[in-house]
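Trainee: Each chain, letter by letter, is given below.
There are 2 protein chains.
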Amino acid sequence: MDIVRRVHSMREISRQARVKGQRIGFVPTLGALHDGHSALMRRMNEQADVVVVSIFVNPTQFGPHEDLERYPRDLTGDTDRCVREGVDYLFVPGVDDVYPEGPRTWVEVPELSERLEGKSRPAHFRGVATVVLKLFDVVQPHVVAFGQKDAQQVAVIRRMIEDLLLDIELQVVPTVRDAQGLALSSRNRYLSPEEYEAALALPRALEAARHVIGEGQQKAEEVRAAVREVLDAEARLGVDYVELVHPETLQPVGLVGEQVLLLVAVRCGETRLIDNALIARP
Amino acid sequence: MDIVRRVHSMREISRQARVKGQRIGFVPTLGALHDGHSALMRRMNEQADVVVVSIFVNPTQFGPHEDLERYPRDLTGDTDRCVREGVDYLFVPGVDDVYPEGPRTWVEVPELSERLEGKSRPAHFRGVATVVLKLFDVVQPHVVAFGQKDAQQVAVIRRMIEDLLLDIELQVVPTVRDAQGLALSSRNRYLSPEEYEAALALPRALEAARHVIGEGQQKAEEVRAAVREVLDAEARLGVDYVELVHPETLQPVGLVGEQVLLLVAVRCGETRLIDNALIARP
Numbered sequence: 010m011d012i013v014r015r016v017h018s019m020r021e022i023s024r025q026a027r028v029k030g031q032r033i034g035f036v037p038t039l040g041a042l043h044d045g046h047s048a049l050m051r052r053m054n055e056q057a058d059v060v061v062v063s064i065f066v067n068p069t070q071f072g073p074h075e076d077l078e079r080y081p082r083d084l085t086g087d088t089d090r091c092v093r094e095g096v097d098y099l100f101v102p103g104v105d106d107v108y109p110e111g112p113r114t115w116v117e118v119p120e121l122s123e124r125l126e127g128k129s130r131p132a133h134f135r136g137v138a139t140v141v142l143k144l145f146d147v148v149q150p151h152v153v154a155f156g157q158k159d160a161q162q163v164a165v166i167r168r169m170i171e172d173l174l175l176d177i178e179l180q181v182v183p184t185v186r187d188a189q190g191l192a193l194s195s196r197n198r199y200l201s202p203e204e205y206e207a208a209l210a211l212p213r214a215l216e217a218a219r220h221v222i223g224e225g226q227q228k229a230e231e232v233r234a235a236v237r238e239v240l241d242a243e244a245r246l247g248v249d250y251v252e253l254v255h256p257e258t259l260q261p262v263g264l265v266g267e268q269v270l271l272l273v274a275v276r277c278g279e280t281r282l283i284d285n286a287l288i289a290r291p
Numbered sequence: 010m011d012i013v014r015r016v017h018s019m020r021e022i023s024r025q026a027r028v029k030g031q032r033i034g035f036v037p038t039l040g041a042l043h044d045g046h047s048a049l050m051r052r053m054n055e056q057a058d059v060v061v062v063s064i065f066v067n068p069t070q071f072g073p074h075e076d077l078e079r080y081p082r083d084l085t086g087d088t089d090r091c092v093r094e095g096v097d098y099l100f101v102p103g104v105d106d107v108y109p110e111g112p113r114t115w116v117e118v119p120e121l122s123e124r125l126e127g128k129s130r131p132a133h134f135r136g137v138a139t140v141v142l143k144l145f146d147v148v149q150p151h152v153v154a155f156g157q158k159d160a161q162q163v164a165v166i167r168r169m170i171e172d173l174l175l176d177i178e179l180q181v182v183p184t185v186r187d188a189q190g191l192a193l194s195s196r197n198r199y200l201s202p203e204e205y206e207a208a209l210a211l212p213r214a215l216e217a218a219r220h221v222i223g224e225g226q227q228k229a230e231e232v233r234a235a236v237r238e239v240l241d242a243e244a245r246l247g248v249d250y251v252e253l254v255h256p257e258t259l260q261p262v263g264l265v266g267e268q269v270l271l272l273v274a275v276r277c278g279e280t281r282l283i284d285n286a287l288i289a290r291p
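If you read the sequences in order, they're chains X and U.
For the first sequence, the residue numbers in my numbering are 10 to 291.
For the second sequence, the residue numbers in my numbering are 10 to 291.
Please keep in mind that the hints were generated in silico from the structure rather than gathered at the bench.
Take the hints with a grain of salt, since some may be wrong.
Note that the list lumps identical chains together, so a pair holds whenever it fits in one copy or between two copies.
Okay, derived cross-link-like pairs now, SDA-like style, lysine to any residue, Cα gap no bigger than 20 Å in a straight line [what the hints assert, rightly or not]:
1. 228 - 21
2. 128 - 113
3. 158 - 190
4. 128 - 109
5. 128 - 261
6. 29 - 176
7. 29 - 244
8. 158 - 130
9. 128 - 151
10. 228 - 95
11. 158 - 183
12. 128 - 163
On a predicted model such as this, the values are computed, not experimentally measured, just so you know.
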């Protein structure tokens, strides 16, 4: 595996791969890689000739009081993992190379960026969409993998690809959970043992929603109440939102349709956690 | 020359050209082509193996009270011109193909979009940047040509290419003028004979600026006064702005630097006209 640090080098590698007719698969990440990322890499390995993983802690998607500075960084562990997963190129550009003149041009997907996560993180998805487009422009992938864990991010990227007429196939990979059911996240390492126990209410709450919908409940209000009941029972959790939305438009639904996306965000101590479930009506 | 009407067809043509190692040159236009566009096509013919011209009257760059509906359309004349200039593909997509779901994702270059033209046309450059990126994504050009006539547009596109890390070379082609000196524009055909005569004050005003700068005048205020004097002498012209700015940042300058961009916009009857000159200090 090669570690590529410069935009112009990565661009040249992708150019060569395309000239050879190779299919490029790409997984953009913030690093601090875990088994969730490995699932993305494996998916790309199945579908592409050349697999590129990027690690870039993108400053423009962090708010002024967020964890940019303390966001976990572990290039040694990340490199080992990428080698194990058969990645061909690990692209680790510097901020000066990705934003040589600072951030001045933005990609905006306003309808999907303002609600839910966007409410507590107002510039987050603008930063995500912008940096992902920039990385796409450099890596020139045929296919990209994103995790269902970040469902709103998936909706934003899907729409960006569609609207900007990008010739890129988006693959969404199911959330990977630990043995207790907690969705893997680089931020889980912030949790104390007590907070970790409390956080397990998240997967239990999603399960409760599946259960009531499975039993025939169609009213979103009732499903949300079942979810809140589980979350509210944990004193260490502060609920930010529980919403049932259309999976692509992210618009709230009153009744559960053929498929509904349940989105949950909580504060657990100093840490913000999100989780979600795509639930089909029985 | 082939006329290509669908995004997916154009994409496939470009893909094939790239596989063959051909260099793609691209001229995006709104149609109603004139000798200014021909200069862009010729430049691309010198520099590329495959020349693509697009004609797309992009609704998102027109304001609600602008001339979208009556913008001149002449596909027969445009086709003849493209054949004469040795264009390989004339790409004429429909609005439904470029905005299949309507406009929902935007490219924004805020610092360059709000002043000058952006003041009277607030959403104009957002529409321009967005559609140009979309067309780039489909046509996949190596090199693109834009006219210096639309200097602010050039600054926006240059910055977008730079900031979004696009692997595209921008070529800026000097403004083409008629025998009387008026910069060619598809909107010139709106002018009555009397208005046309009045509009000739524009090139005379630019000449006046060159003259005073050539004589050693460095104060932007004095240069502007010389320009206004020429324009104000024409009763049929209403001056919108006369500004001396840095050619890339478009920030107003107090003193003429090594090179200054003089930007002028006037109303002439119902028609808005712009012109500009890049002037080097003697």
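Trainee: Which holds for residue 128 with residue 163 at a C-alpha limit of 20 Å: within a copy, between copies, both or neither?
Mentor: Answer is within; shortest intra-copy Cα gap is 17 Å, inter-copy 35 Å.
Trainee: Regarding residue 29 and residue 244, is the shortest C-alpha distance of 20 Å or less found within a copy, between copies, in both, or in neither?
Mentor: neither (57 Å within a copy, 64 Å between copies)
Trainee: When no copy is specified for residue 228 and residue 95, does a C-alpha distance of 20 Å or less occur within a copy, between copies, both, or neither?
Mentor: Neither way: residue 228 and residue 95 sit 46 Å apart in one copy and 63 Å across, limit 20 Å.
Trainee: When Cα atoms must be at most 20 Å apart, do residue 128 and residue 261 count as within-copy, between-copy, both, or neither?
Mentor: within (15 Å within a copy, 36 Å between copies)
Trainee: At most 20 Å between alpha carbons: which applies to residue 128 and residue 109, within, between, both or neither?
Mentor: Neither: 29 Å inside a copy, 28 Å across copies.
Trainee: How would you label the pair residue 128, residue 113 (within, between, both, or neither) given a Cα cut-off of 20 Å?
Mentor: The answer is between: 19 Å across copies meets 20 Å, while 23 Å in one copy does not.
Trainee: Is the C-alpha distance from residue 228 to residue 21 at most 20 Å within one copy, between copies, in both cases, or in neither?
Mentor: neither (53 Å within a copy, 46 Å between copies)
Trainee: Tell me, please, which holds for residue 158 and residue 183 at an alpha-carbon limit of 20 Å: within, between, both or neither?
Mentor: The answer is within: 7 Å in one copy meets 20 Å, while 51 Å across copies does not.
Trainee: At most 20 Å between alpha carbons: which applies to residue 158 and residue 130, within, between, both or neither?
Mentor: within (17 Å within a copy, 41 Å between copies)
Trainee: Which holds for residue 29 with residue 176 at a C-alpha limit of 20 Å: within a copy, between copies, both or neither?
Mentor: For residue 29 and residue 176, the Cα distance is within 20 Å both inside one copy (18 Å) and across copies (18 Å).
Trainee: At 20 Å max between alpha carbons, let me know whether residue 128 reaches residue 151 within a copy, between copies, both or neither.
Mentor: neither (32 Å within a copy, 40 Å between copies)
Trainee: Since the copies are identical, ignore which copy is meant and state whether residue 158 and residue 190 lie within 20 Å (CA to CA) inside a copy, between copies, both or neither.
Mentor: Result: close within a single copy only, 13 Å intra versus 61 Å inter.
Of the hints listed earlier, those the structure fails to meet are numbers 1, 4, 7, 9, 10, in rising order.
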